[in-house]
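First to last, the sequence lines map onto chains A, B and C.
Under the working numbering, read the first sequence as residues 1 to 225, first letter to last.
Under the working numbering, read the second sequence as residues 1 to 216, first letter to last.
Under the working numbering, read the third sequence as residues 1 to 256, first letter to last.
Note that these hints are calculated values from the structure, not bench results.
Don't take each hint at face value.
Subject to a maximum C-alpha distance of 27 Å in a straight line, what follows is the list of computed DSS-like cross-link-like pairs (lysine-lysine) [said to hold, decoys possible]:
#	chain 1	residue 1	chain 2	residue 2
1	B	Lys-210	A	Lys-120
2	C	Lys-84	A	Lys-48
3	B	Lys-210	A	Lys-48
4	C	Lys-170	A	Lys-120
5	A	Lys-120	C	Lys-240
6	A	Lys-120	C	Lys-143
7	C	Lys-84	A	Lys-120
8	C	Lys-143	C	Lys-118
With beta-carbon atoms standing in for the labels, derived distance ranges [claimed, not checked]:
#	chain 1	residue 1	chain 2	residue 2	range
9	A	Gly-121	C	Glu-199	23 to 31 Å
10	B	Leu-201	C	Glu-83	37 to 45 Å
11	B	Glu-4	A	Pro-17	48 to 56 Å
12	A	Met-184	B	Ser-129	53 to 61 Å
13	C	Ala-125	A	Gly-121	26 to 34 Å
14	A	Glu-3	C	Glu-149	25 to 33 Å
15	B	Cys-196	C	Ser-58	43 to 51 Å
We put the beta carbon where it would ideally sit given N, CA and C, even for glycine.
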Amino acid sequence: MIEFLSVYAENWASWWPQIAKATGNTILLTVFSFALAVVIGVLLALGKLSRIGLIRGFCTAYIEIARGVPALAILFLIYFGLVPLGIVLDAFVAGFIGLGMSAGGYIAEVFRAGIQAVHKGQREAALATGMTPAMSFRYIILPQAVRIILPPLLNMLIILLKDTSICSLISTPELMLRAKDLAMMSFLPMHLFLLAGLIYFLLAWPLSLVTRRVEAHMRRSLRGA
Amino acid sequence: MGFEKILNLGGPLLLGAVTTVEITLVSLLLAIVIGLGLALLKLSRFKLLHWVIDIYVEVFRGTPVLAQLFIIYFGLAYMGFKVSAFPAAIIGLGLNGGAVLTEVFRAGLGAIHHGQREAALAVGMTPWSSLRYIILPQTWRITLPPLGNYAIALLKDTAVVSAIAAPEIMFYARNLVTSTFETTLIYVLAAALYFCLSFPLARLVERFEKRQSAWQ
Amino acid sequence: MSQPLLQVEDLYKSFGSLEVLTGVSTTLERGHKTAVIGPSGCGKSTMLRCINYMETPSSGHIYLDGELFGEKRVNGTTARMTEKELAQQRAHIGMVFQGFYLWPHLNARDNVAIAPMKVRGMSDAEAYELADAMLAKVHMSHKAEEFPERLSGGQQQRVAIARALAQEPKLMLFDEPTSALDPELVGEVLKVIHELAEEGRSMVLVTHEIRFARDVADWVIFMGDGGIIEEGAPEELIAKPQHDRTRAFLRQILEH
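Chain A with its partners taken away, still in its complex shape:
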């Protein structure tokens, strides 16, 4: 055990700067993918409500495909598969676009479910008061939907954090790739992958605690609905 841990002490000086930088990239990657996924999710959710059949169909198809195809397959398609068509993307860009497009499908469903979860009677009461549909959405439905949507949204953030590791397979310079490279060079896979796992855990766990807190809070404040 002591021997095992002493390896870390020996290599820390050379590992840490690289690991730290890679972790920074992982965080950036997570944030960008999440932002993209939310934007796509909102557009898809709105698109599904469109009166134009073509838009509705496209959004439904997109969501189905995003939920039925692995993120890795999408990443490969974007990073490698577009090259013959003339589109050569940087690994980081391909990474967050791929993850964002994939997660966007899920987030669209989260939005849709959240809005539908608000009891019909709430909208009726709003219309009866003389509010237009737009007003009822803005002042009554949306505030409540946001509370329902927040926990699954935070969950998605945690999932994206973990999924950034997949981008290592298209050589995005994030934590998993750095750990693998160092492992191959130093012949110390166990140490490095354990270290990587620990860092992911230290990033994800606080997020999941926050999510659980938010979940509990939301459940309390929606009881009257």
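Position chains B and C relative to chain A; hints supplied.
What follows is chains B and C alone, placed relative to chain A:
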């Protein structure tokens, strides 16, 4: 152009699909066994047991599957335990899934009103019988949708085991690309193949979810 | 002769092949109170909801203060208004629902004040003043800061009444306001409605509380199978029903 090419590429990909399905099924089984087992264990009063199970769940849900796979495949080899790709994939995905499903089964068991268990004991059933004839049959019904959704997620996760050289779809796809250079077509076919596998499952889960809400 | 406040003209409503209203007509004068009673499924709630177009009639017309409600005249015929146009008209009718439907993310005062603010464009100060006055009217001032989840059913319904009153409406519609309440909470809500009736509010009240209907209303309508079976002044209809069905219904209800 196309059709013959697609057939030639499709062959190896389909072979990979078989492995994909195999890995999915076996890992799913392992995950269910672990998940259900741990959920049942959590019914006990031993605080220590709760603790250990919680740590397992937190760790495996809080770290990426890829890291877990690398540790099992590369890490264990370094420590002297050589694990080949297929078993490593099963163990990794199974352990990961077990953590997810522990929560699913725990919630399912908890959703059965405790009055049912009381009634079962009142008619003279043992705790084990009440579990077997009253609680578990109902738990299945409740857990089937989240279980189904997990199965779909698992199917997609198998793509990642290509990184430890398990011969599934993505693995064959990458090899094909290096030998034929039909990059775009191959990756589109691979994606389409996954979709064909997951789509029927997704519809099944949806159908079951609808039936569920009708019951409630 | 001044025109009635509300005219319901030949309402028909079908949901698919199910005919729920088969030609209902009635009028309501300003300051008058009409109670609508009848067995479950007779269409009384549907009729009420057609008045402010929460349900769109299959045919028939509604007139509020002589003006066509929910429809506009187009090329010699009528067409349903858009939701936006309808919203403006609905502001003149206050509706109280069986399920109260208070908005859970707003406290009682905000529930009452938000429509005056957003629909009628009042300033915050004016809206809150109005809200406080309406809450006082329903005896809920002491709970103005509470959220709906901490209020009992009867309290929630009273806040819902205050919310409708804050529209300063020409007409109040009550859709079985006490049917979802525990028995001991029914009284406080009926008391408030009674007070409003005494004030001279125009209202249409769909209810199961026959004795209450008799005390409060000056006209009672008994519905069955989507139509009006009998109507009249409460003393007459409830004490001396003409129709067999009315008699059977009242006997059944009043025996409890």
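Do the hints match the structure? See the list:
1. Our distance criterion of 27 Å between C-alpha atoms is met by B:Lys-210 and A:Lys-120, whose separation comes to about 19 Å.
2. For a cut-off of 27 Å, the pair hint linking C:Lys-84 to A:Lys-48 stands: about 22 Å separates their Cα positions.
3. With a C-alpha separation of about 20 Å, the suggested pair B:Lys-210 and A:Lys-48 falls inside the 27 Å cut-off, and the hint holds.
4. At most 27 Å may separate the alpha-carbon atoms for a hinted pair to count; C:Lys-170 and A:Lys-120 meet this at roughly 26 Å.
5. With a C-alpha separation of about 41 Å, the suggested pair A:Lys-120 and C:Lys-240 falls outside the 27 Å cut-off, and the hint is violated.
6. With a C-alpha separation of about 26 Å, the suggested pairing of A:Lys-120 with C:Lys-143 holds against the 27 Å cut-off.
7. For the proposed pair C:Lys-84 and A:Lys-120, the alpha carbon gap of about 19 Å is at most 27 Å, so the pair holds.
8. Only pairs whose Cα atoms come within 27 Å are accepted, and C:Lys-143 paired with C:Lys-118 is accepted, the gap being roughly 23 Å.
9. Taking the beta carbon of each, A:Gly-121 and C:Glu-199 are about 27 Å apart, inside 23 to 31 Å as hinted.
10. Under the hint 37 to 45 Å, the C-beta atoms of B:Leu-201 and C:Glu-83, about 40 Å apart, fit the expected range.
11. Distance hint for B:Glu-4 and A:Pro-17: a CB-CB separation of about 52 Å, consistent with the stated range 48 to 56 Å.
12. The hinted range of 53 to 61 Å is satisfied by A:Met-184 and B:Ser-129, whose Cβ atoms lie roughly 55 Å apart.
13. As the Cβ distance of C:Ala-125 to A:Gly-121 is approximately 30 Å, the hint placing it in 26 to 34 Å holds.
14. Taking the beta carbon of each, A:Glu-3 and C:Glu-149 are about 59 Å apart, not inside 25 to 33 Å as hinted.
15. With their beta carbons about 46 Å apart, B:Cys-196 and C:Ser-58 fall inside the hinted range of 43 to 51 Å.
Violated hints, listed in ascending order, are 5 and 14; each of the other numbered hints is respected by the structure.
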